[in-house]
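Q: Spelled out, the chains give:
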Amino acid sequence: DSGVTQTPKHLITATGQRVTLRCSPRSGDLSVYWYQQSLDQGLQFLIQYYNGEERAKGNILERFSAQQFPDLHSELNLSSLELGDSALYFCASSPARTRNPLHEQFFGPGTRLTVL
Amino acid sequence: AQTVTQSQPEMSVQEAETVTLSCTYDTSESDYYLFWYKQPPSRQMILVIRQEAYKQQNATENRFSVNFQKAAKSFSLKISDSQLGDAAMYFCAYRRAVYNNNDMRFGAGTRLTVKP
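Quick mapping for you: the protein sequence lines, in order, are chains P and F.
For the first sequence, the positions run 2 to 117 when the working numbering is used.
For the second sequence, the positions run 34 to 149 when the working numbering is used.
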């Protein structure tokens, strides 16, 4: 158990719909990362937040957005869903509190999204 | 942009034998971190081993070791005395050494099968 929680574990929805995935980082971790893993592929970085502010952006579609709240939990919003959005969505957190960048990322169990 | 390449989609090894998984990466930076993650059927991402680019000594963690060749931009993982529980997808990952901007770039993965 990494200490990172994600809800829900599974989500089934229809094309055109909107969903929200939730992530709670490990206690004390300020950075949250979102990744997408399509079937039998590697993880693709979507976006990073640090202490409530967007810090880095990867291959995130305009239909997707995220935010990090004052309690440091994060939500990933996916709208106008398409079949190709079906994937495993991982959240990770890291304790970026010091200037030592040698902090691993701790991954949550993922949310499996199925778009029908 | 940094890219990570895993040229072996699948590998197999006999139980108790040794196997090496390959990874190459492309970067123009001199300071960075490399990781191997294991993803068993549960889909949880588990850190196996990490290497700081500024360290010449290869990292080792029990039965897992790496062969880090910085000039060749190569980072292979050796698993000794393979066990059935080692069967999983293995992902090589790269991360810049930038304070609070350290998303990971993953390879496509290698599926390791362990034969009894």
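Derived by calculation from the structure, the hints in this document are not laboratory data.
It cannot be assumed that every hint is accurate.
Keeping only pairs whose Cα atoms sit at most 25 Å apart, straight-line, the calculated SDA-like set for lysine to any residue is [claimed, not checked]:
id, chain 1, residue 1, chain 2, residue 2
1, P, LYS10, F, ASP59
2, P, LYS10, F, ILE79
3, F, LYS111, P, ASP41
4, P, LYS10, F, PRO73
5, P, LYS58, F, LEU80
6, P, LYS58, F, ALA86
7, P, LYS10, F, ALA141
8, P, LYS58, F, LYS88
9, F, LYS106, P, LYS10
10, P, LYS10, F, SER75
11, P, LYS58, F, GLU62
12, P, LYS10, F, ALA86
13, P, LYS58, F, GLY118
14, P, LYS58, F, GLN77
15, F, LYS88, P, GLU105
16, P, LYS58, F, TYR58
17, F, LYS103, P, GLU105
Going by beta-carbon spacing under 7 Å, a handful of chain F positions derived as facing chain P [as the list claims (entries may be wrong)]:
id, residue
18, MET78
19, ILE82
20, GLN84
21, ALA141
Pair ranges (Cβ atoms, derived) [to be verified]:
id, chain 1, residue 1, chain 2, residue 2, range
22, P, GLU76, F, PHE97, 34 to 40 Å
23, F, ASP114, P, LEU40, 28 to 34 Å
24, F, SER75, P, PHE70, 26 to 32 Å
25, F, MET44, P, GLU54, 20 to 26 Å
26, F, GLN102, P, ARG64, 39 to 45 Å
27, F, LEU80, P, PRO9, 35 to 41 Å
Backbone N, C-alpha and C define an ideal beta-carbon position, used for all residues, glycine too.
Q: When the hints from earlier in the document are held up against this structure, which numbers fail?
A: Hint check: 1, 8, 9, 12, 13, 19, 20, 25, 27 fail, others pass.
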